[in-house]
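These protein sequences, in sequence, are chains A and B.
Every letter in the first sequence is one number past the one before it in our numbering, and letter 3, counting from 1, is 3.
Just remember that our numbering sits 232 ahead of the position in the second sequence, which is counted from 1.
No lab work stands behind these hints: they were computed from the structure.
Treat the hints with care, as some may be off.
[Claimed, not checked] Dumping the calculated DSSO-like pairs for lysine-lysine here, alpha-carbon to alpha-carbon at most 27 angstroms:
| id | chain 1 | residue 1 | chain 2 | residue 2 |
| --- | --- | --- | --- | --- |
| 1 | B | Lys-525 | A | Lys-61 |
| 2 | A | Lys-43 | A | Lys-64 |
| 3 | B | Lys-587 | A | Lys-59 |
| 4 | A | Lys-51 | B | Lys-745 |
| 5 | B | Lys-741 | B | Lys-587 |
| 6 | B | Lys-429 | B | Lys-796 |
| 7 | B | Lys-796 | B | Lys-525 |
| 8 | B | Lys-657 | B | Lys-741 |
| 9 | B | Lys-657 | B | Lys-742 |
| 10 | B | Lys-587 | A | Lys-43 |
| 11 | A | Lys-59 | B | Lys-525 |
| 12 | A | Lys-51 | B | Lys-587 |
| 13 | A | Lys-51 | B | Lys-796 |
| 14 | B | Lys-665 | A | Lys-47 |
| 15 | B | Lys-739 | B | Lys-587 |
| 16 | A | Lys-59 | B | Lys-796 |
| 17 | A | Lys-215 | A | Lys-101 |
| 18 | B | Lys-665 | B | Lys-587 |
| 19 | B | Lys-745 | B | Lys-665 |
| 20 | A | Lys-51 | B | Lys-583 |
| 21 | A | Lys-186 | A | Lys-201 |
| 22 | A | Lys-61 | B | Lys-583 |
| 23 | A | Lys-59 | A | Lys-43 |
| 24 | B | Lys-665 | A | Lys-43 |
| 25 | A | Lys-143 | A | Lys-97 |
| 26 | A | Lys-51 | B | Lys-525 |
| 27 | A | Lys-64 | B | Lys-583 |
| 28 | A | Lys-43 | B | Lys-583 |
| 29 | A | Lys-47 | B | Lys-745 |
| 30 | A | Lys-201 | B | Lys-713 |
| 31 | A | Lys-59 | B | Lys-583 |
| 32 | B | Lys-739 | B | Lys-665 |
| 33 | B | Lys-587 | A | Lys-47 |
| 34 | B | Lys-796 | A | Lys-61 |
| 35 | A | Lys-186 | A | Lys-97 |
| 36 | B | Lys-525 | A | Lys-64 |
| 37 | A | Lys-51 | B | Lys-665 |
| 38 | A | Lys-183 | A | Lys-97 |
| 39 | A | Lys-47 | B | Lys-583 |
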Amino acid sequence: MNIFPENVSTYGQEIDNLFWLIFAFVAIAFVISLFVLLYPLIKYNRKAAPKAEYITGEKRKHFKWVVVALVLLLGSDFVILYCEHDAWGQIESVPAKADVKVGIIARQWNWIFVYPGPDGILNTADDVIVDDMNSSLHVPINKNVVFELRSQDVIHSFFLANARFKQDVLPGRTVVRWFNLTKEGKYDISCTQICGVLHSKMRNFVMVESEDKYKHYIDSLYTANGRKTAMK
Amino acid sequence: MDATLHKQSFWSKYIFSTDHKVIGMQYAIMGIIMAGVGGFLAYVFRYNLAYPNASIPLFGHLSATQYNAFVTCHGMIMVFWVGMPVLLSALGNLLIPLMIGTDDMAFPTVNMLSFWIFFLSAVVLLASFFVPGGAFGGGWTMYPPFSAGGYVNHNPHFFTALFSGVSLMILAVALELVAMLMGGINFVVTTINKRTKGMTAFRVPIVVWFINIASVIFMFSVGPLVAGAFMLLFDNILGTGFYDPARGGDPMLWEHLFWFFGHPEVYVLLLPALGVLAEILPVFARKPLFGYKPIIYMALVSAVLSVLVWAHHQFVAGIDPRMATFFSIGTILISIPFAGIFLSFMATLWKGSIKFSVPMMWVLGFIGLFLIGGLTGLFLGSNTFDIYAHDTYFVVAHFHYTLFPDIFFGFFAAIYYWFPKFTGKSLNAGLGKLHFWLTFFAFNVTWFVLFFNGLAGQHRRINDYSDFSLIMREPYITFEKIATISAIILILSQFIFLYNLFTSLAKAKKGVKNPWESNTLEWVADSPPPHGNFQTYPVVYHGPYEYSLPGEGADFLPQNVQGKNDTNNVTQNNYEHKTATSFATHK
Ligand SMILES: [Cu+2]
Ligand SMILES: [Cu+2]
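When you get a sec, could you build the whole thing from the sequences and use the hints?
Written out as structure tokens, the structure reads:
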């Protein structure tokens with residue numbers, strides 16, 4: 001059994017790897033600490049050791065053990081920091097080449113998706129806005145999808161567990177992020193920032209499709225919005 | 233100076249008392265009552281999580297609005313109305329004057345005022361459940377613009393806005409902070425000015441040091457939050473727009489103000505409890521505290537660092553990604569002094585002669601649980617892993633593994649240890665051990681399984697997961713049930729404690745002065761100490777942890793007893809004891 005949900009993004013594996021790297025450090029530290037805590041409880045309990053030794057711990061030869069442990073801890077912390085640095089930069093910055101652009105707007109209590117119109121440019125008059133609880137976000141497989149996150153009312157948070165991606169959406173700001181999803185299917189989008197009574201129901205899906213299917217979906221949007229597009 | 237003689241009416245003795253011990257107990261009792269409220273809320277929403285839409289015994293059906301309000305108030309209450317009064321106010325009031333060898337706080341009337349403002353704040357908070365719309369349900373972090381009006385009450389009138397759940401909660405928090413501020417000033421002034429003869433800075437017990445450091449951290453970080461809270465209140469009742477971008481504000485401002493206080497607050501809660509550990513460990517290991525001075529220095533370093541890490545709560549909030557590394561490094565650095573303090577505590581056990589008394593068991597349980605809490609913090613201090621884990625049950629489990637031992641194990645350790653001093657009676661040890669083991673196991677079962685739910689992507693503050701395929705599968709559904717059943721056992725176990733408390737209080741006073749054979753000054757006073765504490769002020773000859781000192785007859789050497797190595801020439805305080813005579817005029 002995998003403790004994480006299935007990963008379907010290009011950068012998700014780095015998050016999982018990071019978890020196991022930290023887990024290795026934590027496991028070692030836990031076992032050592034547990035020994036340091038439990039061993040004296042057996043070895044130096046009142047029955048086994050009726051007389052305590054007078055050690056203030058302020059002498060260098062005693063306190064050095066604490067210092068050694070702290071240096072090791074600090075060292076492993078910085079190893080972790082070093083190892084995670086690339087992944088952070090990758091997830092939190094947008095790649096130079098954006099294959100697809102899309103707008104995601106949070107509103108109490110749904111996600112609204114904005115696709116560029118036939119001109120291919122987002123935030124122009126011919127954009128197609130899909131504001132419907134039952135319509136998922138359609139994206140093509142293995143493409144860099146760059147999205148602009150906005151909120152119309154309160155703070156929400158866009159969470160796609162299968163991509164290991166999360167981003168708070170504060171009203172008044174636009175955050176640009178990206179993902180590249182590598183497996184066709186339907187994945188939960190949830191809101192992870194409490195946003196009101198139907199916060200629990202603020203769920204939608206990402207639909208990862210083949211290039212053809214995706215094109216077909218976008219075309220169907222254009223036809224449905226035919227008149228609006230023509231007016232441009 | 234016979235303090236027991238002067239007559240006081242019931243009101244001035246137990247209700248509007250200026251005696252630090254009575255005020256300390258008032259804080260402790262209020263903390264226990266509020267813990268009951270917070271625990272009941274937890275029971276209700278945990279039941280709902282395991283059995284969605286079921287009718288909850290002792291409550292009934294829980295709506296989504298109520299769920300949100302209950303989760304919010306549970307967090308609020310446990311931090312501000314249980315952790316703070318119990319760890320900072322109760323311990324600070326009960327212990328500081330006795331441990332530094334004086335009669336009372338520097339400002340007894342301010343102290344009384346502090347408690348009554350605190351009491352008022354609790355009343356205001358509880359009242360918010362009964363206003364139209366009910367208590368606020370936007371999370372204990374109260375992020376605007378959700379909490380900033382308009383979305384809670386559409387187009388409200390002034391009074392409707394004022395008597396809304398959100399406004400009352402803001403007011404209650406602001407009042408609570410004012411009360412704590414008064415207490416904090418009192419602790420610091422008392423410790424600096426009223427130490428008895430010979431009680432130099434480095435002879436002051438760790439718990440007094442730590443309560444003082446916690447107070448200073450609190451005073452340093454609380455200002456921006458109080459200001460921020462009033463801005464939030466104005467957004468609600470006056471229609472300003474400090475946090476609402478629709479009216480020219482920015483919600484990120486609140487996030488910064490909140491966490492600039494919110495993170496240091498963690499240490500405000502942690503330090504006094506660590507102080508309790510430092511007092512109890514040497515007594516039951518019969519060995520000096522390992523590294524008394526380094527522990528103080530490490531706490532001072534952590535106090536400075538504590539105000540430099542707040543934005544690690546905002547890694548995914550949209551702050552500049554480059555800023556995250558700075559706050560990650562800060563978070564790593566601040567874990568070091570605390571790891572050092574815990575290691576020193578564990579080192580105290582080595583080559584000791586350990587007695588598993590009830591207070592000692594709570595202390596050891598505390599260290600064990602905090603080990604898990606601290607180490608899981610390593611995952612979250614990493615800004616990259618936090619992208620995934622933020623606002624999932626992994627975070628919730630992590631902070632329960634730190635705050636639960638901190639608040640409850642710390643408090644229970646303190647109660648079982650100091651109960652004989654403040655009542656002259658003793659708690660039943662068998663029931664104490666039963667209470668400990670049930671609490672320890674039930675807590676672990678409840679929260680350990682939820683780490684896995686978090687890793688599976690379960691996000692928090694959701695009353696109904698039926699829409700989420702990642703959560704609505706095994707073993708996570710079963711884990712929810714296990715957590716709930718075990719949480720109910722955890723809550724029920726606390727009745728053992730209450731039973732023990734009341735039956736012990738009903739017993740006759742024995743008045744044993746120093747049952748654990750401890751060194752600190754509170755054990756020199758009578759049990760319970762009379763108003764004014766000491767018949768004659770004790771004189772201090774050495775530090776607080778002289779256990780098993782070779783060459784002494786007994787394996788402990790109270791601070792007021794001159795040891796073979798102590799000079800007759802007691803180090804003079806810069807601050808001569810001024811209150812020795814002023815107490816006489818008090819009666
Ligand atoms: Cu939302
Ligand atoms: Cu923090």
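Taking the hints in turn, this is what the structure says about them:
no.: 1; hint: B:Lys-525 / A:Lys-61; result: 15 angstroms, holds
no.: 2; hint: A:Lys-43 / A:Lys-64; result: 22 angstroms, holds
no.: 3; hint: B:Lys-587 / A:Lys-59; result: 26 angstroms, holds
no.: 4; hint: A:Lys-51 / B:Lys-745; result: 24 angstroms, holds
no.: 5; hint: B:Lys-741 / B:Lys-587; result: 25 angstroms, holds
no.: 6; hint: B:Lys-429 / B:Lys-796; result: 19 angstroms, holds
no.: 7; hint: B:Lys-796 / B:Lys-525; result: 22 angstroms, holds
no.: 8; hint: B:Lys-657 / B:Lys-741; result: 5 angstroms, holds
no.: 9; hint: B:Lys-657 / B:Lys-742; result: 6 angstroms, holds
no.: 10; hint: B:Lys-587 / A:Lys-43; result: 12 angstroms, holds
no.: 11; hint: A:Lys-59 / B:Lys-525; result: 11 angstroms, holds
no.: 12; hint: A:Lys-51 / B:Lys-587; result: 11 angstroms, holds
no.: 13; hint: A:Lys-51 / B:Lys-796; result: 20 angstroms, holds
no.: 14; hint: B:Lys-665 / A:Lys-47; result: 19 angstroms, holds
no.: 15; hint: B:Lys-739 / B:Lys-587; result: 26 angstroms, holds
no.: 16; hint: A:Lys-59 / B:Lys-796; result: 21 angstroms, holds
no.: 17; hint: A:Lys-215 / A:Lys-101; result: 13 angstroms, holds
no.: 18; hint: B:Lys-665 / B:Lys-587; result: 13 angstroms, holds
no.: 19; hint: B:Lys-745 / B:Lys-665; result: 23 angstroms, holds
no.: 20; hint: A:Lys-51 / B:Lys-583; result: 9 angstroms, holds
no.: 21; hint: A:Lys-186 / A:Lys-201; result: 17 angstroms, holds
no.: 22; hint: A:Lys-61 / B:Lys-583; result: 15 angstroms, holds
no.: 23; hint: A:Lys-59 / A:Lys-43; result: 23 angstroms, holds
no.: 24; hint: B:Lys-665 / A:Lys-43; result: 21 angstroms, holds
no.: 25; hint: A:Lys-143 / A:Lys-97; result: 10 angstroms, holds
no.: 26; hint: A:Lys-51 / B:Lys-525; result: 24 angstroms, holds
no.: 27; hint: A:Lys-64 / B:Lys-583; result: 17 angstroms, holds
no.: 28; hint: A:Lys-43 / B:Lys-583; result: 8 angstroms, holds
no.: 29; hint: A:Lys-47 / B:Lys-745; result: 26 angstroms, holds
no.: 30; hint: A:Lys-201 / B:Lys-713; result: 22 angstroms, holds
no.: 31; hint: A:Lys-59 / B:Lys-583; result: 16 angstroms, holds
no.: 32; hint: B:Lys-739 / B:Lys-665; result: 20 angstroms, holds
no.: 33; hint: B:Lys-587 / A:Lys-47; result: 9 angstroms, holds
no.: 34; hint: B:Lys-796 / A:Lys-61; result: 25 angstroms, holds
no.: 35; hint: A:Lys-186 / A:Lys-97; result: 25 angstroms, holds
no.: 36; hint: B:Lys-525 / A:Lys-64; result: 14 angstroms, holds
no.: 37; hint: A:Lys-51 / B:Lys-665; result: 25 angstroms, holds
no.: 38; hint: A:Lys-183 / A:Lys-97; result: 20 angstroms, holds
no.: 39; hint: A:Lys-47 / B:Lys-583; result: 13 angstroms, holds
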